[in-house]
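Start from the sequences and build out the full structure, keeping to the hints where you can.
For reference, the chains in residue letters:
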Amino acid sequence: MNTLNKLLLAAFAFFATAVPALAQEEAMSLDDKVSEVFATFTGPFVWFVFAPIPGTSFPWIVMWLVIGASVFTLYFAFVQFRFFGHAISLVKGDYSDPNDAGEVSHFQALATALSGTVGLGNIAGVAVAVGIGGPGATFWMILAGLLGMASKFTECTLGVKYRNEYEDGTVSGGPMYYISKGFDELGLPGGKILAVLFSIFCILGAFGGGNMFQANQAHAQIAGIVGDYPGWITGLVFAVVVFLVIVGGIKSIARVTEKVVPFMGILYVGAALIVLIVNYDQIGWAFGQIFAGAFTGLGVAGGLVGALIQGFKRAAFSNEAGVGSAAIAHSAVKTKEPITEGFVSLLEPLIDTVVICTMTALVITISGQLLIDEATGNYVLNEAGSAIATVGDTSGVALTSAAFGSAISWFPFVLAIAVILFAFSTMISWSYYGLKAWTYLFGEGKTAEMVFKCLFCVFIVIGAAARLGPVIDFSDAAIFAMAVVNITALYFLMKVVRKELASYSERLRSGEIKKFTH
Amino acid sequence: MTMKLVIGLDGHSSGEKALAFGQQMAEKTDGCALVVVYVIEWSPFTFQTAEENAQRHKRREEEISVATSRVVEPAVAKLKEAGLNATGMVRHGNVADTLDNIAKEEGANQIVVARSSDGGFSSRIFGSATANLVMNASVPVTVVA
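Here the protein sequences line up with chains A and B, keeping their order.
If you use the working numbering, the first sequence corresponds to residues 1 to 518, in order.
If you use the working numbering, the second sequence corresponds to residues 1 to 145, in order.
Do not take every clue at face value.
With a cut-off of at most 20 Å between alpha-carbon atoms, the simulated SDA-like pairs for lysine to any residue come out as follows [unchecked claim]: (1) B:K58 - A:Y166; (2) A:K92 - B:E41; (3) A:K259 - A:I417; (4) A:K92 - B:F45.
In short, the hints are calculated from the structure, not lab data.
Shown next as structure tokens:
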């Protein structure tokens, strides 16, 4: 086992240092080709998902997510604020029956779901949002995060309520299960069709945002440190390691990652706090930029609407509220009350978007990486006019890296390790989400699982080789397509959750549900 | 008044010593009941993959059945053979807290455990299960050397 790990490390080091020089010319053209074919192939799908509302430049899909989150927020009367304290108690284990010790705890389900969402969205995605939409995008991101807590609550409650429990003690859950079972229970038609549609989009999302985007940004990060080299090499190394974990069953790699990732997250927030403390005199100014930019745009591409779209898009991509992925992760928890898992899950968008994403946005704004025209106080656009000009013409994760690097010179190296680990843990999580959708469609079986896992690894290589533009478009499109189906179903099923909520709060008030004394 | 002892086993030879000591005490006391406990070290605050979570219930059942058949049942059988009133249980959790909670639930007079067999770095920082139990238990604890 140890020898294998060492071999892998050695192979990785070799690829990262030696190969770039060898194959540069030939492979660059391969990367370009992959990118081109990919863009042509996914173009129509991306166009449809991001089509603007007629007469405006506002993509309908962004509106769809925000309306969904707002409807759930109102329908459940601001559940994300009313039950916030209760959610914390649940995670602490105050309401856990000691006789259930040894089952998946609320904390574990939350941590697993978070390790699938906290990652590149928080580092690279925010940089993309702020780079295009300006600091004002942060305001809309936070708002979308707060509203998204209600979407997450709804879907995760249903995820546990309608999961499948098999005789051997394992469980499968997620939107495909609650859509088909829930619709049947309510006597609504079309549940099966929606569930199949969701599964298809979930598989695409697993290949896109859960895989290609991660590989792509991890490669950008490594290339930024060791110098440019063909992306398919990074892709291949990642593919081999992921293959060893999900096919080879080498759990130790996954286990190590799952233990290191939370510490990386804490380290990341810690570093962001240090940057903010060092520049404490500018925090007020940065918030000023965020608020001013949110309503005026400060001259960024697309103005106010541009900031809003970017903010909403990145929030959704980062915390995945309304997308349905978290419902798959949360459905493993053992609880007599499905709704408790809903309460716990509403903490995710808060931690992911409202805390971590905002940190990144503040650091980028304060770092001065975004160029400002001193005469007008507005941001300067780059030559193409598509984004704000930055100091080293950086975007995505490279922008975040430069922002942190301007305050802590060695931090880009730590960030590179964090990005690689985040990318890896997100891939592992999404390989599971995709697999659950795949087995829902094709049945649980060794062959079906193997086909999916191999395809998943192939997409890692494609993702690392393609350019950021087409990859990010496809990733967003696939993940938002999941949300189209999921939120549609949630509108029909939300009354089930409301009944659960009413019954639970009544029993909580009467003292029937009480804390266990430990 | 009847006497009730909780005996904590660890699956090692040191646990056997605790069992033997408990048996001796019970034989000298009329109507003494024995509760043999094996605690599987587990914390609700660890990090797991989605796949591990999905299989957790199954694994838990397996862990309980292995501990029951290999550790607890043989011990209970041995005590019953000696004509004693013995029951067994397997729980997940922090060893010290769980033994103490069981003692409280069962209304036991005393907990019997073996001297901790694990040493080294982590027990120097966090303390061994035995040391934690001795410091925090709500009933008298006998540590068998």
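Evaluation of the provided hints:
no.: 1; hint: B:K58 - A:Y166; verdict: 10 Å, holds
no.: 2; hint: A:K92 - B:E41; verdict: 18 Å, holds
no.: 3; hint: A:K259 - A:I417; verdict: 14 Å, holds
no.: 4; hint: A:K92 - B:F45; verdict: 9 Å, holds
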